[in-house]
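Work the whole structure out from these sequences, hints included.
Chain by chain, the residues run as shown.
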Amino acid sequence: MSALVEFALRMGDNTLVLGHRVSEWCGHAPVLEEDIALANTALDLIGQTQMWLGLAGDLEGKGRTADDLAYKRDVWDFRNLLLVERPNGDFGQTLMRQFLFDAWHHPMLTWLSENSKHERVADIARKAEREAAYHLERSTDLIIRLGDGTDESHRRMQDALAYHWTYTGEMFEADAVDRELADAGVAPDPAAMKPGWDALVGDVLAEATLEVPDNHFVHKGGRKGQHTEHLGHILAAMQFLPRAYPDARW
Amino acid sequence: MHAGETLPSRDDVMGWLADVPDPEIPVVSVVDLGIVRDVAWEDDTLVVTITPTYSGCPATSVIAFEIEAAIRGHGIDNVRLENQISPPWTTDWIGPTAREKLRQYGIAPPIDGTAADGKRVARLLGEGNARVECPRCGSANTAEVSRFGSTPCKAAWRCNDCLEPFDYFKCI
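Protein chains in written order, with the UniProt record's numbering: chain A, 1 to 250; chain B, 1 to 172.
Honestly, the hints are just simulated from the structure, not real lab data. Do not rely on the hints blindly, as some may be mistaken.
[Stated by the list, open to error] Here are the in silico distance ranges between beta carbons for each label pair:
no.: 1; chain 1: B; residue 1: 45; chain 2: A; residue 2: 228; range: 47 to 55 Å
no.: 2; chain 1: A; residue 1: 65; chain 2: B; residue 2: 27; range: 32 to 40 Å
no.: 3; chain 1: B; residue 1: 162; chain 2: A; residue 2: 115; range: 43 to 51 Å
no.: 4; chain 1: B; residue 1: 86; chain 2: A; residue 2: 243; range: 41 to 49 Å
no.: 5; chain 1: B; residue 1: 14; chain 2: A; residue 2: 239; range: 41 to 49 Å
no.: 6; chain 1: A; residue 1: 76; chain 2: B; residue 2: 158; range: 42 to 50 Å
no.: 7; chain 1: A; residue 1: 226; chain 2: B; residue 2: 158; range: 41 to 49 Å
[Stated by the list, open to error] If you want the ones that stay clear, here's a sample from chain B, every Cβ over 12 Å from chain A, calculated:
no.: 8; residue: 19
no.: 9; residue: 40
no.: 10; residue: 49
no.: 11; residue: 65
no.: 12; residue: 73
no.: 13; residue: 101
no.: 14; residue: 144
no.: 15; residue: 161
no.: 16; residue: 162
[Unchecked claim] Cβ-to-Cβ under 8 Å is the rule here; a few derived chain A residues that face chain B:
no.: 17; residue: 44
no.: 18; residue: 128
no.: 19; residue: 213
The beta-carbon is built from N, C-alpha and C at its ideal position, and this holds for glycine as well.
Written out as structure tokens, the structure is:
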């Protein structure tokens, strides 16, 4: 598989799996406004997925559509970060996962929209970047409000940070695909995104009165198709209908 | 169309599409919102280039259907819709007339320069860039309730003077 197809799958699988996870909140969020906000965030992410997986399918040249890639691949074919398949947990854990992802996603899309030498990659990034900026503003605001909130909200946010922390390092790991794309000027070297992420996350967590965990262990494998047990459950829910009724239309 | 007939002009077609309402905000048309990007003839096929607003907007397929139906309704059978994502749609493309229509309808129109900038929320930077006027009483003494509202393109706000909640067309 070409490095570009792999890259498009990684971007699209991140937004697909996180979009699906966030959509699980629909009808369950603590207040109506947040319920709507989570559902709309999920919509943005799934909309972006159509662009990335559409690109992957076109570049692959086997006639697979974005839907084929979303519904007809198995766990080991998915290239998303482990972070985005983490269970929703409580509202604080969901928001912390969103913030840690947004703080990587927005700068990544900004880099691609300004620098990528691949025209379609840059076009998709320019479209998605505005939405990701909006997500980052929202998740930042809520992390600060809840971290610097009541004793209970503070405790839950600190716990959420510990819960997700060891899954953040994977965003900055590079393999042969990343090196090939960085050399070609298509995508950044993942490690180059880390100083900006550290600074942004550090500032926001400080404002939120949360402590950065002192744990440098890195869970990884998602970008190569080695996933936690959670992804299979997501796919079972998401893929059931198109697999059981392959030509279903509605 | 039949051989020998003159093809309708670009302006004619844009005029027809100006009557196609947005399915979620019917007070404005798909042309007002900047969704119709171009109309051109390719031999006897009318190619309409449209642009998605928010990439996950659930109205996108309904909009495409309505546009196609309007064109067929004017007797043109050969029509093709094309999606164009670059340059990306922005709320800046919503013209002044459409902004006024939104306000009259009770939706605070987008205000240029209030888009999310991703630099972290305004409170961290010590500067607020959003000053949204209540579409009912005109007061600028308003506050955001939630960053998302009744549709993906809107945020929920309230007026601290007339106490009414309202939708604000969020800027991207």
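Verification of the hints:
1. B:45 x A:228: 47 to 55 Å: holds, 50 Å
2. A:65 x B:27: 32 to 40 Å: holds, 35 Å
3. B:162 x A:115: 43 to 51 Å: holds, 47 Å
4. B:86 x A:243: 41 to 49 Å: violated, 34 Å
5. B:14 x A:239: 41 to 49 Å: holds, 42 Å
6. A:76 x B:158: 42 to 50 Å: At 49 Å between Cβs, range holds.
7. A:226 x B:158: 41 to 49 Å: holds, 48 Å
8. 19: holds, 27 Å
9. 40: Holds, because the least Cβ-Cβ distance between residue 40 of chain B and chain A comes to about 20 Å, which exceeds 12 Å.
10. 49: For residue 49 of chain B, whose nearest Cβ neighbour in chain A is about 14 Å away, the distance exceeds 12 Å, so it holds.
11. 65: holds, 14 Å
12. 73: Non-interface label on residue 73 of chain B holds, nearest chain A Cβ at 25 Å vs cutoff 12 Å.
13. 101: At roughly 23 Å from the nearest Cβ of chain A, residue 101 of chain B sits farther out than 12 Å, so the non-interface label holds.
14. 144: violated, 9 Å
15. 161: holds, 21 Å
16. 162: holds, 20 Å
17. 44: Since chain B brings a Cβ to about 5 Å from residue 44 of chain A, closer than 8 Å, the hint holds.
18. 128: holds, 6 Å
19. 213: Cβ of residue 213 of chain A sits 21 Å from chain B, so the hint is violated.
The earlier numbered hints that this structure contradicts are 4, 14 and 19.
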